[in-house]
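A.B. asks: Following the hints, position chain B against chain A.
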Amino acid sequence: GENVEQHPSTLSVQEGDSAVIKCTYSDSASNYFPWYKQELGKGPQLIIDIRSNVGEKKDQRIAVTLNKTAKHFSLHITETQPEDSAVYFCAASLYTGANSKLTFGKGITLSVRP
Amino acid sequence: DTEVTQTPKHLVMGMTNKKSLKCEQHMGHRAMYWYKQKAKKPPELMFVYSYEKLSINESVPSRFSPECPNSSLLNLHLHALQPEDSALYLCASSQNLFGLGFGQTNGYTFGSGTRLTVV
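Which chain is which? The protein sequence lines are A and B, in order. Numbers given in my numbering equal positions in the first sequence, counted from 1, plus 973. Numbers given in my numbering equal positions in the second sequence, counted from 1, plus 380.
Chain A on its own, in the form it takes in the complex:
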């Protein structure tokens, strides 16, 4: 099955700096890679995703890049703000229709220092 690795487990940045979170996956057949943000007491919230036929996707301060050859994908947050502080999970999925399953990385706690 798919295995998603996410390192490091914590990341601290100064407000206004950029943050980069990296994940690797094992199954070359995986074709869908979402990123989730989870704040304390809440469920995970999808912030950006990318499919395997695209190398990069941007949405305002957030971008995701995918390197299929190396089987890794990264989340880039620019101009970080204190409200970006949360746990971020990457995930990978093989889209097979009804039996699609998301495999999550272990998560990274991002702290943005004011």
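Hints are all accurate, no fakes.
Below, simulated PhoX-like cross-link-like pairs (lysine-lysine); rule was C-alpha separation at most 25 Å, straight line:
1) B/Lys421 - A/Lys1010
2) B/Lys421 - B/Lys402
3) B/Lys399 - B/Lys389
4) B/Lys402 - A/Lys1015
5) A/Lys1079 - B/Lys420
6) A/Lys995 - B/Lys420
7) B/Lys389 - B/Lys418
8) A/Lys995 - B/Lys421
9) B/Lys418 - B/Lys398
If you want a taste of the chain B side facing chain A, the calculated C-beta under 10 Å gives, among others:
10) Ala472
11) Ser492
12) Gly493
13) Arg495
Bear in mind the hints are in silico, worked out from the structure with no lab data behind them. It should be emphasised that the depicted structure is a prediction, and the values quoted were computed from it without experimental measurement. Yeah, the Cβ is synthetic: ideal placement off N, Cα and C, and Gly gets one too.
C.D. replies: Then chain B, alone, in the frame of chain A:
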């Protein structure tokens, strides 16, 4: 409505109790999911329903019994749980997984979860 609503938000139950968790969405999503999340861990898949039919059971103990009465509702019936079952139980939904076109995504929408404590 772009939300997944879970009730109750908190639940404390004894090991001999029977209780149910409820999940509701009105986004027309035809895939619904139950996840279990322990503290400082990622969500772990329990069950997947597609078109109201159970399509994946991740070898979950029978003390957890899912039910999908219609396309908008998903229940998780709990019976004879153990203290180690205490966790955040998350419901999620996603678009019809068949027929997704180029550029569409099958992003999941998660509810806020039910914080379950088994005593």
